[in-house]
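Using the sequences and the hints given, assemble the complete structure.
Here are the chains, one letter per residue:
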Amino acid sequence: MLEYLWIVPLLPLLGAAVNGLFGAKWPNKIVNGVAIGSTGLSFLCALKAVREFFESGQVLFHKEFLTWIAAGDFRVGFDLLMDQLTVVMVLVVTGVGWLIHIYATGYMAQEGGYYRFFSYLNLFMFFMLILVLAANYVLLFVGWEGVGLSSYLLIGFYFLRKSASDAGKKAFIVNRIGDFGFMLGMFLLFRAFHTLDFQAIFTSSTLEGWPVELSGHPGTLTFACLLIFTGACGKSAQLPLYVWLPDAMEGPTPVSALIHAATMVTAGVYVVARSHILFAHAPTAMLVVAIVGCATAFFAATIGLVQTDIKKVLAYSTVSQLGYMFLACGVGAFSAGIFHLMTHAFFKALLFLAAGSVIHAVGGEQDMNRMGGLSKKIRWTYLTMLTATLAIAGFPPFAGFFSKDSILLSAFQNENGGRSAGYALYGFGLATALLTSFYMFRLIFLTFHGKQRYDEHKVHVHESPRTMLVPLMILAVLSIIGGWLAAPAMLGTGPDYFTKFLQPVFGGSEAAGPEGEVRALELTLAGIAVITALIGIMVAFWLYLKGPGKADSLAKSMRGVYTALLNKYYVDEFYAAMIVKPLLWISTNVLWKAADVAGIDGAVNGIAAGTTAIGDGVRHTQSGNTRSYAVWVVVGALVVMAVIFFWPFGGKPVLGMLR
Amino acid sequence: MNSFLSTNAELIITLVKIALLLFIVLTVNAYLTWFERKVVAHIQSRWGPHRVGPHGLLQPLADGLKFLFKEDPTPAGVDKFVYYLAPLLALALALTSIALIPFGPDPIRLFGRDIYLGITPPDLNIGILALFAVTALGVYGVALAGWSSNSKYPLLGGLRSSAQMISYELALTMSVVGVLLLAGSFNLKKIIEAQAHRPEWGLFGWNVWPQILGFFCFFIAAVAETNRVPFDLPEAESELVAGFHTEYSSFKFAMFFIAEYTSMITVSCLCSILFFGGWLSPFPASWTYAHYLPSAILIPFGLWVIWDGFRYETLFGRIILPGVGTVLTTLGALLVLLPDVNGFIQAPFWLLSKIFVFLFVYVWMRGTLPRFRYDQLMAFGWKLLLPLSIMNVILTSFAILAKMQWWGAK
Amino acid sequence: MVPTNYYVILSTILFGLGVFAFIFKRNIITIFMSIELMLNAVNLAFVAFSQALGRLDGQVFVLFVIVVAAAEAAVGLGIIILIARSRQTLNVERVNLLKL
Amino acid sequence: MTAQLAVFFVLAALAVIGAVSLILQKHPIHSALSLIVVMIALAGLYLLLGAEFVAAVQIIVYGGAIMVLFVFVIMLLNAGIEEHTSISKMAGAPGLLLVVALAGFVAATIARSTESIQATSQTGELASTLGISNMLFKDFVYPFELTSFLILVAVLGATVLAQREKS
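Protein chains in written order, with numbering that gives the first Met the number 0: chain B, 0 to 658; chain X, 0 to 409; chain R, 0 to 99; chain C, 0 to 166.
No lab work stands behind these hints: they were computed from the structure.
Incorrect hints may appear among the rest.
[To be verified] Residues from chain B that face chain R, not an exhaustive set, calculated with beta carbons under 8 Å:
id, residue
1, Val-617
2, Arg-618
3, Ser-622
4, Gly-623
5, Asn-624
6, Thr-625
7, Ala-629
8, Val-630
[Said to hold, decoys possible] The list that follows gives simulated cross-link-like pairs (lysine to any residue, SDA-like), each with its CA atoms no further than 25 Å apart:
id, chain 1, residue 1, chain 2, residue 2
9, X, Lys-151, C, Ser-20
10, C, Lys-88, R, Ala-68
11, X, Lys-79, C, Lys-88
12, X, Lys-65, X, Ser-248
13, C, Lys-88, R, Ala-69
[Claimed, not checked] If you want the footprint, here are the derived chain C segments under chain R, 3+ residues with CB under 8 Å:
id, segment
14, 5 to 15
15, 18 to 31
16, 41 to 50
17, 53 to 62
18, 75 to 81
Cβ atoms here follow ideal geometry from the backbone N, Cα and C, with glycine treated the same way.
As structure tokens, then:
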């Protein structure tokens, strides 16, 4: 199967094609069969491939399937790559994706455009797999743009809702900005290495001989990394390009789960991790990544505190978790970042799906103030969601605990930019953890506990169908045990299997697993983290269960901050004023009125007018009078004779004929 | 004076020849009309002309005088130049064409010079081509006459004749190609000699046998070319009141008349030369006594003329006819007595007799056949005659090829 | 023996006259005739050269030219008849609508 | 002034006069007649040049067929005196100028080439007809066949053109 790796991405594409072309006429069952079948098959193929990969002794697998672009010595091919990092990503994508497909069959059952939805979803799977399997930046970029496209399509799935289509456009355009940076980064890399193939770059002698660009002395690599990171920011919703993700919640919940929580938004993290060697050569870039990640994490968490829309809360938590991942990468703990990526994929997907289940239960209501006391009615959903919440809040032994913990540790240990920087990062990380546990439990309490605030008669609360529950349970299990790979290291009974597994990839650019006194430090830090989380829960409990109304009074007492948070710091308005308006003005007045109408249209019409004028001029020779034509014939003959006569060897042809 | 003679002898001789030929042709034409009228009359069981002179022999003379002295009006609104040009053109071309015909193979020696029978020497390289060239121009006479008369019937006649002549000229030329292939030359003399390549075969060596198809095509086309019955549409007196020469009278009309009869003679010459061995005798060369045939004809004929003359009471009958008879008889006798003269006579004799036969056929046809309808004429020319002649060419060339292959001849 | 130049000059003169007629005659048939005149002039040059060079190609070309002229006459006169039918005139200057 | 030269000048004069009268004549049929004169004169010149076959073909085809066609058409359309319009501005003085220029160029070009001909001029009596037939059916056989196709096409075209449209 490793030899036929291309089958893994191809299957979802086939599914998408089949559903997209013929699905319209088919009943939902067949569409399900195609969609789930194709993704499930590709999941199995991925498993098989991974197995072979292990059997082959985990040597990096790299195969050129066919050449796409060949210009001079520049070659871009459909080359697929399989190493430990890819293994993690592929399994996450296909596995979680498959589960979400199954969930969606239940969730979307009542929706129109059923086949369309699944066709888009499969398309997304295809591009995502291309992204993670790609062996060079260009092919990766193909997947990159592809997921952007399918995300656009799925956000705007309810295209009849203006807000939905606007959200789609917003996502697309904001991503463009990041993609632009990404492309520039690629060009820069190509200029530096004359290739864009991962292996070629990472093992190239040029890179070996490349000086580490110390902080404050930026060079090519720094700029390349920063540009690539711009792209990552766009895709993974980091400051300042995070604005699209909350709006993306307009899409159907499974989409939010799959694309905007589990897989696509982590692409940025993946790219940074993939080009970790370059980042390792550019400490400045690393620092930037770390700071941006940390800032995003904190920033988004604060916003998440006051949101009342259940999905919005989850969206902001996603943003902040992504911030964590970048923080990890920034401090050089790539494996930790990927680890958190995986666990996050599990519990965040679970959260979204559960939220979807809740929404499903209360009949499309998303405002948490209209919920409450649901825990009895929808027990399974409640339990699974609680698991996920504990996981994200970072309680042992749930998955989030281990991943988040290792991130905080490496942040604490960070030397890059001085110790103080490390401490600052750690501090913000810890604060974010506090906030996270607070707003997550706020969500739980508002949704499931307290007295019910919805109208009994209008809403008939019911548990979701099995197709939705089964994935929830599977994911719940995963988000419990997902983190145990790192457990032994923490308990001192063995190495960190995950880090060890990724060692061949990241070995060059990160410190080995924690040893000796480091472990003690780690334990203390873990303890601190748990305590902060507990504090968060307490506060949430005190504010929202004990004394309802306390929250409102608090909000009143500090109105300015509250409104600011509620309006997300007016970032959207700021962008609208600073960027969108001027852009609009420029487009209308400069590009449209001046360049397009005056310039291009002017040129085109001018040419047309000129042609007409010439025609008018020449038309008079077409008098229709044969005698005039005769004269013109004579003129032509005259010209020919003149050429024959005055040509330097004009006489020659004539003589040649005669001899 | 003598020097003048010696220097320009050729010129003088040619001029004399021309005068002689002109005289002969005109006379023959005149008596051809008499002959025609007689034959047609007998075909229609009438007497024909018999008032003027015995057997109406002086009729042509009378006609000629009539032409000369008739008034010659020129219709109003004619294009003068062309109107006068047309008959001249017709006559001139007719006479030119006859001037190109050789009447005998070998020259007479007179005044120390070889003098050929016929204006041009018999071995003219492009003889037949030249003939066709001249006959091709013949159409102008008719067409222009029809046009210039500024009158409806002549115009129609002219149109008809030009169309008809163009159409049949193709067939005419095509049908001759077979003969040319056999002879391998345009030269009339060579063509005739090619028919004598087996002297002992006599008339079976003539082209008419291998070229029977070509001969028919040629003869029909030739009749059409000369606007004779049954192809005389240009001058269909019953439809077009004499067609293109309606507006011509007296001597201009006579010119057309003469031109037509002359071209008849030319065509007869061509027929006999191309297909019937020209001046060759029909008998095998070994039959020398066949040489006495001319005398054998002349002597009895002369005697009959004498006997016939005595039946008339007139001075004419008493004197002239017997005189002519005796001349003819003595001529026959002389031929018997002078063998080499007799030998020289043979060629022209045969040629002339063949021509006579063809002229008779012409008249015969006129006496018997009705006229074509115009569309029939065209259909016949284009759809039957032309394809036939082309087929003839193809067959002939294949036959020659086969002959080369198997007998290795030529 | 006549020098070749004489023939060539003659053919040039004829050609020039042909061109002149081609432009300055109004009657469409006459114009057509002037084309024939030009062709003849060219033929003369051909034959003259062929005789001068002792090669027969020239004469063969003349034959081709004549064939072409014949074809041209057939078609051209057909067209002329059509024009005369539809326009009721033979003056080319009156036939200046580029349609029937 | 040999006899040949005399004949040449007579024929040349005939040709030129014919051409000129083609231009001067008002009535198309007179022009046609003048053209016939030119052609016959040219045939005579061909004979003078020893090209008997071409001469004969010239008279038979040009004189006997093509010009007859012209006369026929003139008669059929009953063409009258040519009316003297001068709508075309080009075909005025500029046309005349151009014609003169063209004639000059032709003359000059040929003159340039003729002296070389005079150099290579070797007047051999050519076995005209036989040689032509050899060339026509050996060297030039394909062009020859092509001309036959041309004729066929022309015949068809003329037929189509001349038939009245059934209405």
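Outcome of the hint check:
1. This hint is violated: Val-617 (chain B) has a C-beta 15 Å from the nearest C-beta of chain R, more than the 8 Å allowed.
2. Given hint, Arg-618 (chain B) at the interface with chain R, is violated; its Cβ is 12 Å from that chain's nearest Cβ, farther than 8 Å.
3. Interface hint at Ser-622 (chain B): satisfied, since its Cβ lies 7 Å from the closest Cβ of chain R, which is below the 8 Å cut-off.
4. For Gly-623 (chain B), the interface hint holds, the least distance from its beta-carbon to any beta-carbon of chain R being 4 Å, beneath 8 Å.
5. Below 8 Å, beta-carbon pairs count as interface contacts, and Asn-624 (chain B) has one with chain R at about 5 Å; its hint therefore holds.
6. Using the Cβ-Cβ criterion of 8 Å, the hint placing Thr-625 (chain B) at the interface with chain R is satisfied: the shortest such distance is roughly 4 Å.
7. At about 5 Å, the closest approach between the beta carbon of Ala-629 (chain B) and any beta carbon in chain R falls short of 8 Å, and the interface hint on this residue holds.
8. Hint on Val-630 (chain B) holds. Least Cβ distance to chain R is approximately 6 Å, under the 8 Å limit.
9. As the CA atoms of Lys-151 (chain X) and Ser-20 (chain C) are separated by approximately 28 Å, the hinted pair breaks the 25 Å bound.
10. Simply put, Lys-88 (chain C) and Ala-68 (chain R) have alpha-carbon atoms about 30 Å apart, too far for the 25 Å limit, and the pair is violated.
11. With a CA separation close to 36 Å, the supplied pair Lys-79 (chain X) and Lys-88 (chain C) exceeds the 25 Å bound.
12. A hinted pair counts as satisfied when its Cα atoms are at most 25 Å apart, and Lys-65 (chain X) with Ser-248 (chain X) qualifies at roughly 11 Å.
13. Restraint check for Lys-88 (chain C) and Ala-69 (chain R): the C-alpha separation of about 32 Å exceeds 25 Å, so the hint is violated.
14. Against chain R, the segment 5 to 15 of chain C contributes 4 residues with a C-beta closer than 8 Å to a partner C-beta. That satisfies the three-residue criterion, and the hint holds.
15. With a cut-off of 8 Å between beta carbons, the segment 18 to 31 of chain C has 7 residues touching chain R; three or more are needed, and the interface restraint holds.
16. Counting residues of the segment 41 to 50 of chain C whose CB falls under 8 Å from any CB of chain R gives 7; the rule of at least 3 is met.
17. Only residues whose C-beta sits within less than 8 Å of a C-beta in chain R count toward coverage, and the segment 53 to 62 of chain C has 5 of them, enough to reach three; the restraint holds.
18. Residue count for the segment 75 to 81 of chain C with a Cβ under 8 Å from a Cβ of chain R: 4. That meets the three needed, and the coverage hint holds.
Going through the hint list in order, the structure does not satisfy hints 1, 2, 9, 10, 11, 13.
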